Amino acid sequence: MIVEYIIDAFVIILVLLGLFFLFTATVGLLRFPDFYCKLQATGKGDTLGAILILLGVILYNLHDFSLNNFLVCLKILFIIIFIFHANPVATHAITKAGLDADVKPLTKEDIRK
Amino acid sequence: MENFFIFTIIVIGILVILCLYRAIFGPTVMDRIVAVGVIGTKTTVILVLIGIYYKRVEMFVDISLAYALLNFIATLAASKFFRTRKSILPGTKFMKDREAEK
Numbered sequence: 001m002i003v004e005y006i007i008d009a010f011v012i013i014l015v016l017l018g019l020f021f022l023f024t025a026t027v028g029l030l031r032f033p034d035f036y037c038k039l040q041a042t043g044k045g046d047t048l049g050a051i052l053i054l055l056g057v058i059l060y061n062l063h064d065f066s067l068n069n070f071l072v073c074l075k076i077l078f079i080i081i082f083i084f085h086a087n088p089v090a091t092h093a094i095t096k097a098g099l100d101a102d103v104k105p106l107t108k109e110d111i112r113k
Numbered sequence: 001m002e003n004f005f006i007f008t009i010i011v012i013g014i015l016v017i018l019c020l021y022r023a024i025f026g027p028t029v030m031d032r033i034v035a036v037g038v039i040g041t042k043t044t045v046i047l048v049l050i051g052i053y054y055k056r057v058e059m060f061v062d063i064s065l066a067y068a069l070l071n072f073i074a075t076l077a078a079s080k081f082f083r084t085r086k087s088i089l090p091g092t093k094f095m096k097d098r099e100a101e102k
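So the protein lines, in turn, are chains A and B.
Residue 1 is where the first sequence starts when you use the numbering used here, and the numbers rise one by one after that.
Residue 1 is where the second sequence starts when you use the numbering used here, and the numbers rise one by one after that.
To be clear, the hints were calculated from the coordinates, so they are not data collected in a lab.
Remember, predicted model here, so these are calculated numbers, not experimental data.
Be a bit skeptical, because a hint or two may be false.
[Stated by the list, open to error] Some, not all, of what chain B presents toward chain A, calculated at C-beta under 10 angstroms:
(1) Thr28
(2) Ile52
(3) Ala68
(4) Thr75
(5) Lys80
Glycine included, each C-beta is placed from N, C-alpha and C at the ideal position.
One chain only, chain B, in its complex shape (with noise of 0.2 angstroms):
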């Protein structure tokens, strides 16, 4: 059993690096921000199995829980950020600019 749980981490690993292409070479900004919030819930499952593989499952949870909140806290802080402050697309105007011309 601690080698299936061995396959399954190294399976989630190679799909987070398929997720990191996403994330670097993504033609727009909303794009990497999605891949990296794929990125940290798939963390999250590798750590927990992490903990089974050692162990250590009590003191692993912790790790993952805090994870999880930390990953959606940066996805929301990123999502607000990028609606109002910058203009996401080259050629589009900020949003401000287009409330003024409403």
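This is chain A alone, in the form it adopts within the complex (with noise of 0.2 angstroms):
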């Protein structure tokens, strides 16, 4: 069927364009200076590639359309509304915890040093 070929092209697309996000949080992680760059980085890329990774996950577990398999699509997509809305709220609550700790920020002068 060509149907299911064009829904697993979507799904590879959907997959591949999450794991290059999730590699670029890595990334931000691991080669940003402050604690504040990496939590801009981790807080966006992180979200984003996992959005997109269950998006596809949904989109593949749709091929035999059964009651069972809706309902499984329905909690994987109750999924991707709670890490939509805790991973900010968690970016928030460390950064507020960073600054109330007395963590500096960098600026231009920590730069040129």
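Take the two lone chains and join them into the complex the hints point to.
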């Protein structure tokens, strides 16, 4: 069936895009100089990568449509919604903790040293 | 298609090992908390992909959802703890002392 091949192509595209964003988040976590820069890289890249890969999984799971499969896809959609809300909240909480604990952000003077 | 999902699992596993470097050798405590949160998000994705590989998605999705909830709570608790109770960098003061100075 040619429809299945098209769905498979979309799944592969979504998962590869998600892998790219996860890789970007990891590189940012390893290479950025400051704690706040690392938060910026991981807070966005990790959320988007996880959401794209889970969307690809939903699309793959809908191959043979039945009520059971549909409920599983609904649960994966719940995971996506939860990650979409929880990851920014966690990032905000860590940033607030860092500011309250007197961690100084990186400035131009620090780079020139 | 199964081979592609195995490839995805292996690549995410390598990324988790790279993040583990920051969690072990991170210069400050906050770096470690961030790294643990990132590893938790990646583990959520890996669990769903493992379910697809074993053809038992309906079981692994529940585990994955529980792991996402636990990861969120752990990050919040750790950040709340280190916000008030500890001085994170050497040389900085406790939050209570700084408020007392004001």
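* With a cut-off of 10 angstroms, does the beta carbon of Lys80 of chain B approach a beta carbon of chain A closely enough for the hint to hold? -> holds, 7 angstroms
* Hint check: is the beta carbon of Thr75 of chain B less than 10 angstroms from a beta carbon of chain A? -> Thr75 of chain B check passes; min Cβ-Cβ to chain A is 4 angstroms, inside 10 angstroms.
* Would you settle whether the hint for Ile52 of chain B is holds or violated, based on the nearest Cβ-Cβ distance to chain A being less than 10 angstroms? => OK, holds: Ile52 of chain B within 10 angstroms of chain A, min 6 angstroms.
* For the hint on Thr28 of chain B, does the least C-beta distance to chain A fall short of 10 angstroms? -> holds, 6 angstroms
* Asked: With 10 angstroms as the cut and Cβ atoms as the points, is Ala68 of chain B at the interface with chain A?
  -> holds, 6 angstroms
Checked against the numbered hints listed earlier, the structure breaks none of them; every hint is satisfied.
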